[in-house]
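Chains as they are written, first to last, in my numbering: chain A, 33 to 134; chain B, 2 to 404.
Incorrect hints may have been included.
[To be verified] Residues of chain B placed beyond 10 Å of chain A at every Cβ, according to the derived structure: (1) 2; (2) 23; (3) 238; (4) 351; (5) 353; (6) 355; (7) 391.
[To be verified] Here are the simulated lysine-lysine pairs, DSS-like style, with alpha carbons at most 30 Å apart: (8) A:46 x B:8; (9) B:79 x B:207; (10) B:20 x B:8; (11) B:264 x B:338; (12) B:20 x B:114; (13) A:46 x B:207.
[What the hints assert, rightly or not] Covered, in the sense of this in silico footprint (three residues per stretch, anywhere, with C-beta under 8 Å from a C-beta of chain A), are these stretches of chain B: (14) 201 to 209; (15) 292 to 305.
Think of the hints as simulated: they come from the structure by calculation, not from any bench. Ideal Cβ placement from N, Cα and C applies to all residues, glycine included.
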Amino acid sequence: MAKLGDVAKYIRSKSAGPFWVTIDIFCDDAASFDRIVRSPALAPRAIASLFGVSENMVRQFPLPGINVLKMSFPRRAVQGAPHDVDSHAGQYFVPLLSVDIE
Amino acid sequence: MTRAATKHDLRQLMLARDKLGVPLLVGSCGTSGTDAGVDWMADIAREIAREEGLSARLGLVYSEIEPATLLPYLEAGKIAPLEPALPLTAGRIFECDHIVGLLGYEPLADAIKNGADIVFSGRTTDTAVLSAVPLMQGLPAGASWHAAKTAECGGLCTVETRRGGVIVTVDPQGFEIEPLDADNRCTPYTVSAHLLYENSDPFRLKEPGVVLDASDAHYEALDSRRVRVTNSRAEAVPYTIKLEGAGGTGYRTMVFSAIADPKILARFDKWRANLEAHLRYGIANVLRVADGDYGIEFRAYGKDALNPVPADHVPHEVGLMTIVWARTQERATEIAKYCNPVLLHFPLNPDDPLPSFAFPFSPAEIELGRHYEFKLNHVVRVDRPDALARTHFETIGEEALHG
Numbered sequence: 033m034a035k036l037g038d039v040a041k042y043i044r045s046k047s048a049g050p051f052w053v054t055i056d057i058f059c060d061d062a063a064s065f066d067r068i069v070r071s072p073a074l075a076p077r078a079i080a081s082l083f084g085v086s087e088n089m090v091r092q093f094p095l096p097g098i099n100v101l102k103m104s105f106p107r108r109a110v111q112g113a114p115h116d117v118d119s120h121a122g123q124y125f126v127p128l129l130s131v132d133i134e
Numbered sequence: 002m003t004r005a006a007t008k009h010d011l012r013q014l015m016l017a018r019d020k021l022g023v024p025l026l027v028g029s030c031g032t033s034g035t036d037a038g039v040d041w042m043a044d045i046a047r048e049i050a051r052e053e054g055l056s057a058r059l060g061l062v063y064s065e066i067e068p069a070t071l072l073p074y075l076e077a078g079k080i081a082p083l084e085p086a087l088p089l090t091a092g093r094i095f096e097c098d099h100i101v102g103l104l105g106y107e108p109l110a111d112a113i114k115n116g117a118d119i120v121f122s123g124r125t126t127d128t129a130v131l132s133a134v135p136l137m138q139g140l141p142a143g144a145s146w147h148a149a150k151t152a153e154c155g156g157l158c159t160v161e162t163r164r165g166g167v168i169v170t171v172d173p174q175g176f177e178i179e180p181l182d183a184d185n186r187c188t189p190y191t192v193s194a195h196l197l198y199e200n201s202d203p204f205r206l207k208e209p210g211v212v213l214d215a216s217d218a219h220y221e222a223l224d225s226r227r228v229r230v231t232n233s234r235a236e237a238v239p240y241t242i243k244l245e246g247a248g249g250t251g252y253r254t255m256v257f258s259a260i261a262d263p264k265i266l267a268r269f270d271k272w273r274a275n276l277e278a279h280l281r282y283g284i285a286n287v288l289r290v291a292d293g294d295y296g297i298e299f300r301a302y303g304k305d306a307l308n309p310v311p312a313d314h315v316p317h318e319v320g321l322m323t324i325v326w327a328r329t330q331e332r333a334t335e336i337a338k339y340c341n342p343v344l345l346h347f348p349l350n351p352d353d354p355l356p357s358f359a360f361p362f363s364p365a366e367i368e369l370g371r372h373y374e375f376k377l378n379h380v381v382r383v384d385r386p387d388a389l390a391r392t393h394f395e396t397i398g399e400e401a402l403h404g
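Generate coordinates for the entire structure from the input sequences, incorporating the hints supplied.
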């Protein structure tokens, strides 16, 4: 068991238009990529619960060629909405750092 | 974006354009691409032309849309929501202060074909600005759109992302990309990974009238700094234009205060809940502002403004941002001013000696002005790519003076 922040090389989040956020998890090699892609802690259901969105809106794209797992889902607060605290969604990835990976 | 910085960059581009005799395209002028943004750029260009003794033909492609213009499209069922939006209503359209349509490449290419040396367009997809020239020269859609998407953020598709831009060369079989900086490099990894950026789907990129499909694209290093990309595909789809619209919701005033006292921080959640209850009571009973006529939020930066923390977490310092929303600026500021002495002195327990917290500014309240929200997340089906564009031509510089 390890934290995703230690297994992945680099994780980033960014708005993809004002209504969606996209998160890219970069891995150093195929072994760590396979490990995170198989992890139940990163399955759509777990992501939905971590970010408070509905499971059927979570889209995931494993990219084995570059060892990246990409995921996108609608933002909790639309960019610029009164309760939005992160206009460019630059810090959305942070809760993922401490997710446990088997 | 400041006028001085924009003028500095545009001057270099206009001088280079004049020397090389090639078209110069700038999209989404003023960032949001409203008509005012296009006029702002044109004004800067006129000034540069005068100062440098340049002359050029400007093509100004506007893409702002009057709300009423959309009604026939709405009635004809030609406006569709994008996830997670709801179907559009006429009421929603009229809530917008400004609406822009994201243009495709065609109106920009038409402006060049009609003699423009410099094209300033309103809201345009980032990629259309770059795909316009290869597409108008008849190069393949797959390679042109893929090249444009790759180069849209300049050096972001290179190894050292902050070392300047890139140059892309599109040909009938694909495209090649290299950094402008001789010491920087593009690799198959950096080039293919850029398709992830600000894009919810890494393989399929929706543009007006076309979907770029890069799922079978092939990336090959030509040498240590250049990459060749082939096998990008494009499929034609019905021509739709994405709409962006924003409208005001009210006005905000902010107060920033800071707390380092460990006694308060040890019981911060209780302190904040008591503070909020105390202020809400006073706003209702002293200022006589009803609940629905204002909003107030207390963000504890250093504790949980961005993400929740465990219940026993004690921060070292908290920057408390109090944000007040109301229908007028005056009302928002009145409420903020009412909060100020309480934010300065609110105790943990009613019988505690009066604490004082740290205000970085005086006056403590800062007016944030009007607050806007995005109102539209929809596409409109149009019969022609230029259906929602308006193009004006103008000669600037020497020729305008003497011609």
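Margin query: So, against the hints stated earlier in the document, which numbers end up violated here?
Written below: Of the numbered hints, all hold.
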